[in-house]
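In order, the protein sequences belong to chains Y and S.
Sequential numbering of the first sequence, starting at 1, is according to this note's numbering.
Sequential numbering of the second sequence, starting at 1, is according to this note's numbering.
It should be emphasised that the hints constitute simulated quantities derived from the structure, not laboratory data.
A virtual CB, placed ideally from N, CA and C, is assigned to each residue, including glycine.
There could be a bad hint or two in this list.
[As the list claims (entries may be wrong)] Restricting the straight-line Cα-Cα distance to at most 30 Å, the calculated cross-link-like pairs of lysine-lysine (DSS-like) are:
1) S:Lys68 with S:Lys49
2) S:Lys77 with S:Lys52
3) S:Lys77 with Y:Lys57
4) S:Lys49 with S:Lys60
5) S:Lys68 with Y:Lys57
6) S:Lys77 with S:Lys60
7) S:Lys49 with Y:Lys57
8) Y:Lys57 with Y:Lys13
9) S:Lys56 with S:Lys68
[Said to hold, decoys possible] What follows is a list of derived Cβ distance ranges for each label pair:
10) Y:Arg15 with S:Lys56: 47 to 55 Å
11) S:Gln45 with Y:Gly58: 35 to 43 Å
12) Y:Ser70 with S:Pro10: 43 to 51 Å
13) Y:Gln44 with S:Lys52: 46 to 54 Å
14) S:Thr70 with Y:Gln44: 32 to 40 Å
15) S:Glu8 with Y:Ser51: 38 to 46 Å
16) S:Ser14 with Y:Ser65: 33 to 41 Å
17) S:Thr71 with Y:Ser70: 22 to 30 Å
18) Y:Asn59 with S:Lys60: 43 to 51 Å
19) Y:Leu96 with S:Ser14: 36 to 44 Å
[What the hints assert, rightly or not] Some residues of chain S that are not near chain Y, with every Cβ distance over 12 Å (derived):
20) Glu42
21) Ser72
22) Ser93
23) Gly108
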Amino acid sequence: KAGVTQTPRYLIKTRGQQVTLSCSPISGHRSVSWYQQTPGQGLQFLFEYFSETQRNKGNFPGRFSGRQFSNSRSEMNVSTLELGDSALYLCASSRLGGGHNEQFFGPGTRLTVL
Amino acid sequence: GNSVTQMEGPVTLSEEAFLTINCTYTATGYPSLFWYVQYPGEGLQLLLKATKADDKGSNKGFEATYRKETTSFHLEKGSVQVSDSAVYFCALSDLGDRGSTLGRLYFGRGTQLTVWP
Chain Y
1 KAGVTQTPRY LIKTRGQQVT LSCSPISGHR SVSWYQQTPG QGLQFLFEYF
51 SETQRNKGNF PGRFSGRQFS NSRSEMNVST LELGDSALYL CASSRLGGGH
101 NEQFFGPGTR LTVL
Chain S
1 GNSVTQMEGP VTLSEEAFLT INCTYTATGY PSLFWYVQYP GEGLQLLLKA
51 TKADDKGSNK GFEATYRKET TSFHLEKGSV QVSDSAVYFC ALSDLGDRGS
101 TLGRLYFGRG TQLTVWP
């Protein structure tokens with residue numbers, strides 16, 4: 001069974017640009033969550049999608065958005081990039097979503113903003 | 001609110017030494033507790049989990065017991081190996097009201113473990 005895949009693995013952008021990251025969950029998983037990992041703030045929850053609906057949202061500005069498609073694949077978008085957006089963005093999928101359900105993480109997309 | 005506090009690293013041990021990484025939590029509802037491990041350049045892998053008080057999660061020689069009375073979930077391993085070198089994260093997922101699906105993960109800051117041969 002294929003794991004969670006994220007594309008691209010590495011990305012370099014400049015301030016003010018926008019970026020779209022993609023996540024393909026494990027087959028059969030309907031929940032996709034996104035996390036931002038930085039040395040200063042650690043792992044922070046961005047949002048969770050389930051059956052194409054955003055079900056949970058962390059404390060991030062509106063520049064961070066996401067969506068989920070009917071095949072459960074998810075994208076997150078960051079507009080007007082800032083230097084502080086440089087981070088590892090991790091996607092996690094689970095069958096039904098958090099709680100007792102195990103979340104499986106992808107390898108992440110390393111975003112560098114110059 | 002929900003939060004996880006784990007011991008500051010880095011932790012440096014010799015091979016075959018005993019490992020303990022402390023983790024305590026605050027939760028408003030009925031948390032499940034997890035330990036994740038992150039190897040360099042990779043995402044997070046679930047190491048073990050416990051879903052109710054007094055449960056013991058175990059995997060690959062690692063163990064952690066869900067202690068509700070002390071709100072703790074300490075990670076232990078009797079004999080570490082060089083291959084255990086990684087960053088370890090304690091996390092909780094709090095369902096809140098039973099039946100709720102609000103199960104986002106709350107993570108500790110991570111503990112870097114380095115094991116020398």
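Structure-based check of each hint:
1. S:Lys68 with S:Lys49: Holds, because 14 Å separates the two Cα atoms, which is no more than 30 Å.
2. S:Lys77 with S:Lys52: Holds, at roughly 21 Å.
3. S:Lys77 with Y:Lys57: The given pair, whose Cα atoms are some 35 Å apart, is violated under the 30 Å limit.
4. S:Lys49 with S:Lys60: holds (13 Å)
5. S:Lys68 with Y:Lys57: holds (28 Å)
6. S:Lys77 with S:Lys60: With a Cα-Cα distance of about 9 Å, the restraint between S:Lys77 and S:Lys60 holds, given a limit of 30 Å.
7. S:Lys49 with Y:Lys57: Holds: S:Lys49 and Y:Lys57 sit about 24 Å apart, inside 30 Å.
8. Y:Lys57 with Y:Lys13: holds (25 Å)
9. S:Lys56 with S:Lys68: The given pair, whose Cα atoms are some 12 Å apart, holds under the 30 Å limit.
10. Y:Arg15 with S:Lys56: 47 to 55 Å: Holds - the Cβ-Cβ distance for Y:Arg15 and S:Lys56, about 49 Å, lies within 47 to 55 Å.
11. S:Gln45 with Y:Gly58: 35 to 43 Å: violated (22 Å)
12. Y:Ser70 with S:Pro10: 43 to 51 Å: The hinted range 43 to 51 Å holds for Y:Ser70 and S:Pro10, with Cβ atoms some 44 Å apart.
13. Y:Gln44 with S:Lys52: 46 to 54 Å: violated (27 Å)
14. S:Thr70 with Y:Gln44: 32 to 40 Å: violated (26 Å)
15. S:Glu8 with Y:Ser51: 38 to 46 Å: Since S:Glu8 and Y:Ser51 have Cβ atoms about 40 Å apart, the given range 38 to 46 Å holds.
16. S:Ser14 with Y:Ser65: 33 to 41 Å: violated (48 Å)
17. S:Thr71 with Y:Ser70: 22 to 30 Å: Given range 22 to 30 Å: violated, Cβ gap about 41 Å.
18. Y:Asn59 with S:Lys60: 43 to 51 Å: violated (34 Å)
19. Y:Leu96 with S:Ser14: 36 to 44 Å: holds (42 Å)
20. Glu42: Per Cβ check, S:Glu42 is inside 12 Å of chain Y; nearest 6 Å; violated.
21. Ser72: The assertion about S:Ser72 holds, with a minimum of 19 Å to chain Y.
22. Ser93: With a cut-off of 12 Å, S:Ser93 comes too close to chain Y, as the shortest Cβ separation is near 5 Å.
23. Gly108: Since the minimum Cβ distance to chain Y is about 8 Å, S:Gly108 lies within 12 Å and the statement is violated.
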